[in-house]
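Visitor: Sequence:
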Amino acid sequence: MKFRYQSSDWRSALIAVLVTTLLFIRCSQKVGTQQTPQTASLTGTIVEIDDHGNAVTDLEIAPFTERDWKLGDALEATFETGQKIRIKFVENYGDVPVGDYLGRFSTSTKQFKLAINMGNISETLKLKSESKVVLQKVESLSAD
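Quick note: the working numbering has the sequence shown finishing at residue 144, numbered continuously throughout.
Accuracy of the hints is not assured; some may be wrong.
[To be verified] Quick list of in silico lysine-lysine cross-link-like pairs, PhoX-like style, CA-CA up to 25 Å: (1) Lys137 with Lys110; (2) Lys110 with Lys132; (3) Lys137 with Lys84.
Simulated from the structure, these hints should not be mistaken for lab results.
Quick caveat, the model's predicted, so the values are computed rather than measured.
Given the sequences, and given the hints that come with them, work out the whole structure.
Guide: Dropping the structure here:
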């Protein structure tokens, strides 16, 4: 029995090895870049501008808890307009100095609000209902 080498066999084997290698690399990159719940961003919609100019969102507490976001955490809010601000996640407006950005849950509706302590965030940033906002936890705000 005589073995006859075919150039197409060599090419097929090489293609199979290359495809397998590329798939392996791609899969390992996906696994390596998955976001943890703490670093995952959170997208919501501004559903209302209240009487004080606060931006009321459709976000509730559960996604914050899943990400292990806590009171005192620094968050970055990015709006559809491309504007970015840093806010402090607080319980009360007075937990930040007058004029600072904050985010808190309404005690009555349990919805997340973006605000300025003693200010009007909707006028300052020209925010409107039905626009999107993306929240991301950041390292920290400057020391209080």
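Visitor: If a hint holds in the structure, say so; if it doesn't, say that too.
Guide: Results for each hint:
Restraint check: the Cα-Cα separation between Lys137 and Lys110 comes to about 20 Å, which is no more than 25 Å; the hinted pair holds. For a cut-off of 25 Å, the pair hint linking Lys110 to Lys132 stands: about 19 Å separates their Cα positions. A distance of roughly 13 Å separates the Cα atoms of Lys137 and Lys84; the hinted pair therefore holds under the 25 Å criterion.
Every hint, counting from the list given before, is met by this structure.
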